[in-house]
Amino acid sequence: MSHLAAEGLVVTAGERRLLDGVSLRLEPGALVGLIGPNGAGKTTLLRCLAGLARPDAGTVALDGTALATLPVSERGRRIGYLPQSFQLAWDYTVREVVALGASRASGAGARIPAVLRAHDLTALADRPWSGVSGGERARTLLAATLVAEPAVLLADEPGASLDIGRRLDLMRRLRAYAREHVAVVVLHDIEQAVRDCDRLVLMDGGRVILDGPAPALAGSPEIDRIFGVRFARTPIDSEADALLAVSSP
Amino acid sequence: MRFALRLAPLLAIALVFGIAAGHDWAGPAALARALGGADDLRSRLLLEWRLPRVLAAGLVGAMLGLGGAIFQGVFRNPLAEPYLLGSAGGAAIGATLALLVPLGMPSALALGGLSFAGAWGATLLVLAVARGSGAADAAGLLLAGVAVAAMLGAVRSLLMLALSDETVSLQVVLSWTLGGIQTPTWTGLALLAGLAAAALAASLPLARGLDLLGLGDDQARAFGLDADRFVRRAILVGAAVVALAVAYGGLVAFVGLIAPHVARWSSGPRHRAVLPLSAAIGAILVIVCDGLARAMLPPAEIPLGLITAAAGGPFFLVLLRRRLRS
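Going down the list, the protein sequences come from chains C and X. The first sequence begins at 1 in UniProt numbering and counts up one residue at a time. The second sequence begins at 1 in UniProt numbering and counts up one residue at a time.
The set of hints was computed from the structure by calculation and includes no laboratory data. It is possible that part of the hints are untrue.
[To be verified] Covered stretches of chain X, as calculated for chain C (at least 3 residues, CB under 8 Å): (1) 202 to 213; (2) 222 to 236; (3) 262 to 273.
[Unchecked claim] Derived contacts from chain X toward chain C, CB cut-off under 10 Å, selection only: (4) R50; (5) G73; (6) F75; (7) N77; (8) P78; (9) G216; (10) D218; (11) Q219.
Glycine residues also receive a C-beta, built at the ideal position from the N, C-alpha and C atoms.
Given the sequences, and given the hints that come with them, work out the whole structure.
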């Protein structure tokens, strides 16, 4: 099984340091949640891990091989990157988008029907992009990314446009994928991150502030400090899917 | 695929129309006689004079359609046209030199060779300018294209003023810029056909990359496309395809814009269908427009570019309207 390691990543934009010496080792078996306030450097880190942004210093290595030396096609096959959203220039159908995702790995084409089924997309497969909802687009994108079975999955706020049911379903899929692959997900919903991720990485100002198992990290007062918010920590009913806070009468 | 099959009879009809159209329309009887190998003057004119011109028109149209599809794919913009990156201005300079300077070689060779070199050279210049200024993305390329086109336009005007000593020669240059298919020799036609086949063969492998670019730069990269390198390669191929069309047909407006649209409407946006269909549709359009150019105001011939522009202009406006509405 593959692993991904970042060492001393620095990314600057003018005077500002978007990433300021980030090191991280990512292994299969745990869904990693990347959390932090706006501007903490989460997306920049994710793009460096995906090989889409080049750090000014430091390296990212997939199984010991620096991403910068990996052929782009091989990187695309082994690392799946799921952006928050993307704009299509042409009105591809759902099936065509998934097929484009499959085109990066030989043999992935045969998996298209199964992947469409697994993501509840079979009925929509021949609908044009302009005719599907935001949630359906997010599922299509996930299917297009996973159809090549990348060793690493990096997802940037993949549930942002989904209703709660779909979002929980998506998190379940990511968690299942994380069992045998490296999987990192940027999340703004702290509650969801604490509940659905196995490991949390808390970032602020381009640095990793905390990195550890989700339950332990959830108790840290650092989270309250960094977000500038006082969180109530409530044990919840393990039968429940989500938490709904109501004020007491 | 189904649409491709439907195009074949359309192409055949366009070919027959092209051979028949002229200031003296050839009726079915005359066509049948000519195709049957009759040896009278009319039949020989149709076969040896008009047929090569119709075939050349088809190949020029195919290259324009193909070039348009490549450029629209690279710039992910349905309003992009094949002359976008300076090829029109460059070709016009080459043609101006060929038409106004005695070069000591056959004029058709000089005109074709220099306009090809001008068109391709101008696009190379645009690529170099964009890279040199560190803006190799689509927007940077477009801006570099605008700047280079303006400079080339100035150079061409200067050349025209400096080199022409009579109004006649200026008219020759002007009529070239309006586009037009000359009857080629069979050797010239064979050369064009060979080059067009090579251009098509070089273009078809671009299909997957163009499809991926349609997902956006980032997603194309995430799916393993070396986007910058691919864009450069696609532009070089596209520019060569367009330069070939320009060398044999001058500046024929709008075909490169229209053909890819019709292809996408009929077969969807995947480029493995859009590229060959755009070529076929471009061929049909130019064959028909070239026939109209010969037949509409006999005995005079209307410049081909005027016909394609007169038909393409309204189409372009409708397109713009639909796009703005959506």
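> Do the numbers back the hint for G73(X), that is, is its least Cβ distance to chain C under 10 Å?
Replying inline: With a closest approach of 8 Å, the G73(X) hint holds.
>> Next item in the hint list is D218(X). Is there a CB on chain C closer than 10 Å to its CB?
In response: 6 Å, holds
> Holds or violated: is there a CB of chain C closer than 10 Å to the CB of R50(X)?
Replying inline: Violated, about 39 Å.
>> Can you verify the interface hint for P78(X): is its Cβ closer than 10 Å to any Cβ in chain C?
In response: Cβ of P78(X) sits 8 Å from chain C, so the hint holds.
>> Cut-off 8 Å, C-beta pairs, minimum 3 residues; does the coverage of the region 202 to 213 of chain X by chain C stand?
In response: holds (count 4)
> Do three or more residues of the region 262 to 273 of chain X come closer than 8 Å to chain C, measuring C-beta to C-beta?
Replying inline: The restraint on the region 262 to 273 of chain X holds, since 4 of its residues have a Cβ under 8 Å from chain C and three suffice.
> Holds or violated: is there a CB of chain C closer than 10 Å to the CB of Q219(X)?
Replying inline: 5 Å, holds
> Does the interface hint hold: is F75(X) within less than 10 Å of chain C, judged Cβ to Cβ?
Replying inline: With a closest approach of 9 Å, the F75(X) hint holds.
>> Checking hints one by one. Is G216(X) an interface residue toward chain C, by the C-beta closer than 10 Å rule?
In response: Holds, about 5 Å.
> Does the nearest C-beta of chain C fall within a distance shorter than 10 Å of the C-beta of N77(X)?
Replying inline: 7 Å, holds
> How does the coverage statement for the region 222 to 236 of chain X fare against chain C, requiring three or more residues with Cβ below 8 Å from a Cβ of that chain?
Replying inline: Answer holds; 5 residues pass the 8 Å Cβ test.
In summary, the one numbered hint that this structure violates is 4.
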